[in-house]
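Visitor: As a plain string of letters, each chain reads:
There are 2 protein chains.
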Amino acid sequence: MKFIIQRDQLIDSVQDVMKAISSRTAIPILTGMKIEAKQHGITLTGSDSDISIESYIPAEENGIVNVEEIEEGSIVLQAKYFPDIVRKLPEKTVEIVADENLKVTIRSGKAEFNLNGQDAEEYPHLPKLQTDDSFEIPTDILKSLIKQTVFAVSTMETRPILTGVNISLEDGKLTFTATDSHRLAAREVPVNTSNVKFSSIVVPGKSLNELNKILDDTEETVEISVTSNQILFRTKHLNFLSRILDGNYPETSRLIPEQSKTVLHVKTKELISSIDRASLLAREERNNVVRLSTKENNEVEITSNSPEVGRVSEELTVKSIDGEELKISFSSKYMLDALKVMDVEEVKIDFTGAMRPFIIRPENDHSILQLILPVRTY
Amino acid sequence: MKFIIQRDQLIDSVQDVMKAISSRTAIPILTGMKIEAKQHGITLTGSDSDISIESYIPAEENGIVNVEEIEEGSIVLQAKYFPDIVRKLPEKTVEIVADENLKVTIRSGKAEFNLNGQDAEEYPHLPKLQTDDSFEIPTDILKSLIKQTVFAVSTMETRPILTGVNISLEDGKLTFTATDSHRLAAREVPVNTSNVKFSSIVVPGKSLNELNKILDDTEETVEISVTSNQILFRTKHLNFLSRILDGNYPETSRLIPEQSKTVLHVKTKELISSIDRASLLAREERNNVVRLSTKENNEVEITSNSPEVGRVSEELTVKSIDGEELKISFSSKYMLDALKVMDVEEVKIDFTGAMRPFIIRPENDHSILQLILPVRTY
Numbered sequence: 001m002k003f004i005i006q007r008d009q010l011i012d013s014v015q016d017v018m019k020a021i022s023s024r025t026a027i028p029i030l031t032g033m034k035i036e037a038k039q040h041g042i043t044l045t046g047s048d049s050d051i052s053i054e055s056y057i058p059a060e061e062n063g064i065v066n067v068e069e070i071e072e073g074s075i076v077l078q079a080k081y082f083p084d085i086v087r088k089l090p091e092k093t094v095e096i097v098a099d100e101n102l103k104v105t106i107r108s109g110k111a112e113f114n115l116n117g118q119d120a121e122e123y124p125h126l127p128k129l130q131t132d133d134s135f136e137i138p139t140d141i142l143k144s145l146i147k148q149t150v151f152a153v154s155t156m157e158t159r160p161i162l163t164g165v166n167i168s169l170e171d172g173k174l175t176f177t178a179t180d181s182h183r184l185a186a187r188e189v190p191v192n193t194s195n196v197k198f199s200s201i202v203v204p205g206k207s208l209n210e211l212n213k214i215l216d217d218t219e220e221t222v223e224i225s226v227t228s229n230q231i232l233f234r235t236k237h238l239n240f241l242s243r244i245l246d247g248n249y250p251e252t253s254r255l256i257p258e259q260s261k262t263v264l265h266v267k268t269k270e271l272i273s274s275i276d277r278a279s280l281l282a283r284e285e286r287n288n289v290v291r292l293s294t295k296e297n298n299e300v301e302i303t304s305n306s307p308e309v310g311r312v313s314e315e316l317t318v319k320s321i322d323g324e325e326l327k328i329s330f331s332s333k334y335m336l337d338a339l340k341v342m343d344v345e346e347v348k349i350d351f352t353g354a355m356r357p358f359i360i361r362p363e364n365d366h367s368i369l370q371l372i373l374p375v376r377t378y
Numbered sequence: 001m002k003f004i005i006q007r008d009q010l011i012d013s014v015q016d017v018m019k020a021i022s023s024r025t026a027i028p029i030l031t032g033m034k035i036e037a038k039q040h041g042i043t044l045t046g047s048d049s050d051i052s053i054e055s056y057i058p059a060e061e062n063g064i065v066n067v068e069e070i071e072e073g074s075i076v077l078q079a080k081y082f083p084d085i086v087r088k089l090p091e092k093t094v095e096i097v098a099d100e101n102l103k104v105t106i107r108s109g110k111a112e113f114n115l116n117g118q119d120a121e122e123y124p125h126l127p128k129l130q131t132d133d134s135f136e137i138p139t140d141i142l143k144s145l146i147k148q149t150v151f152a153v154s155t156m157e158t159r160p161i162l163t164g165v166n167i168s169l170e171d172g173k174l175t176f177t178a179t180d181s182h183r184l185a186a187r188e189v190p191v192n193t194s195n196v197k198f199s200s201i202v203v204p205g206k207s208l209n210e211l212n213k214i215l216d217d218t219e220e221t222v223e224i225s226v227t228s229n230q231i232l233f234r235t236k237h238l239n240f241l242s243r244i245l246d247g248n249y250p251e252t253s254r255l256i257p258e259q260s261k262t263v264l265h266v267k268t269k270e271l272i273s274s275i276d277r278a279s280l281l282a283r284e285e286r287n288n289v290v291r292l293s294t295k296e297n298n299e300v301e302i303t304s305n306s307p308e309v310g311r312v313s314e315e316l317t318v319k320s321i322d323g324e325e326l327k328i329s330f331s332s333k334y335m336l337d338a339l340k341v342m343d344v345e346e347v348k349i350d351f352t353g354a355m356r357p358f359i360i361r362p363e364n365d366h367s368i369l370q371l372i373l374p375v376r377t378y
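Chains as they are written, first to last, in full-length UniProt numbering: chain A, 1 to 378; chain B, 1 to 378.
Hints in this document: simulated from the structure, not taken from any laboratory. Treat the numbers as computed from the prediction; the structure is a model and nothing was measured.
Which copy is meant is left open, so a pair is good if it fits within one copy or across any two.
In silico DMTMM-like links for lysine to aspartate or glutamate, alpha-carbon gap of 20 Å or less: (1) Lys92 with Asp276; (2) Lys92 with Glu270; (3) Lys147 with Glu345; (4) Lys88 with Asp337.
Construct all of the structure, not just a fragment, from the sequences and the given hints.
Guide: Below, the structure is given as structure tokens:
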């Protein structure tokens, strides 16, 4: 194998692929990165067996030459050193050569690295997904679906299925749902597809977080294909493959209250700042509980009490309060997580009493929903 | 105690003072920050008993009012919460009130924090240093003295005296010297003082690191006063007090070779890049040893070998090589640390054979010196 490649192109691809590579894996060769050279371009592959990422650098694209002097072949390189080496090379181009004894030479300017490679034949074959029943959505929409839900997955392994995001595609609507049983985040978007539908596949939150980091915030589309145990996200130069979690995702729709007794309209940023301040004293106790009480004149009081340290209270003028008086306590962390992904100037909060879950939504928009269970404080 | 203060001024002062406060101290009240209000201004104090920092905010300065409605008094507040509270307050001004029951109220806009304070009488009194025999140097010069030496202090507690920087003021020259016995860094500057001199006081590296973080890179002067067990750095609004280490600092001048057998002139940046690359493969082994060999035609070869991973080699064209041929091995970390603080485009390296310490200096400038002991590799 041999090729000469633009260093900056290589750095970007290596960075993406590294997201799938873990130094703690049961399969030693997966600590390495596979490099495959074909006449049409170079493919880098990384995998931790949960996530696999392939990044493709075409030899030529839009009249620009990325890779030259290609002799086909493949090799696996230790991923621990390769990214730093590439990043610190002195010149703009890099020559990478692997000989039949798996000796790899990386050359740039007058610097030369001689590394021991591993046989690419020993690298596991990634499953080829059939892409007949795939659908497409813009990358920026996919990223917001992930950002607005994935933070609510469970981090506890006691119910593994809750560590994933539940994804459905039905009636032309793509829905992401995540819950750790104390809160729930859901978002749906319309998707233009006639033939594809699936009702509930659960993708590990970790996979979606990594995917979100790799994808650029563009309007280019991502192609998504689903099989019984894998999901593939494909862009022009990237294949991102994740396993799907086994098990049944709980029915969540019945958690969502249908009426409300107290309705608040409030500026998102102002509420974030108030809750943030109120949570300062409660950092280590009882999951940062803060309390919200409605007052006269469109004011709510936000308070928090930490016997040893002190007390914080703040009056916040909201746009409107309708319905019953309310005193409710909740985790400030859950509240802040939910508010921070709302992306609207003003939110509507529907409460159904101090002991029932409440819902945060933009006014007149049911495509996103954040639900939080209150905390019993007395 | 009561006052109303500009939030941003308070944030800056709190940040400085926090550098002296540790949550792990044997004296519980030192986990707090002392606040003292006088008619002329507010003083914040933090201390971990090694370092003490006082930051002063004058009530009025250059016609700008920083503090208003001052009622004199003092209180100690838990430092764990105070900085975050101040930083996240909603308005530009803050009112701080302490009552006779040590209850503290922090008010800004509609937000109010009620905290439990502690009696300022219980806070240890900082020693008042006599400032008769003080001298002054510009802040930026002091910062470069620290930066160019402090990295070379020992991090091992086996010889505590080496964890400090040795400071002397003699014959109008202020000298900083640090060594961990494998390398040595020294820098001297002329100081305009007639009456002050001291021969060897050793200030903890940690103190100097914190001081360097707090001081702005200005040409305003720092006043330095030394007693038998403390050193005080004083700027307009800051008192920084550090203890001095007990013990005798080793005589280091005899370590410095007087002749050299091989002299290299080389561009600092190019040498840094080469050494940096050569160290990539050796990260965990034998202190990142790299090897430098002189070649024909003003070239040196820099190599590193890591049997399991591979080998790196690079030819570097230097400006000149004079004297004997040389093959020498050294810690890439020590070399990079030294080169990175040199602040000159080109350095001169004086070698005295493969087994003797070598010296890095700017050409024709003896005010800074970096010495490194080689590593025996065969």
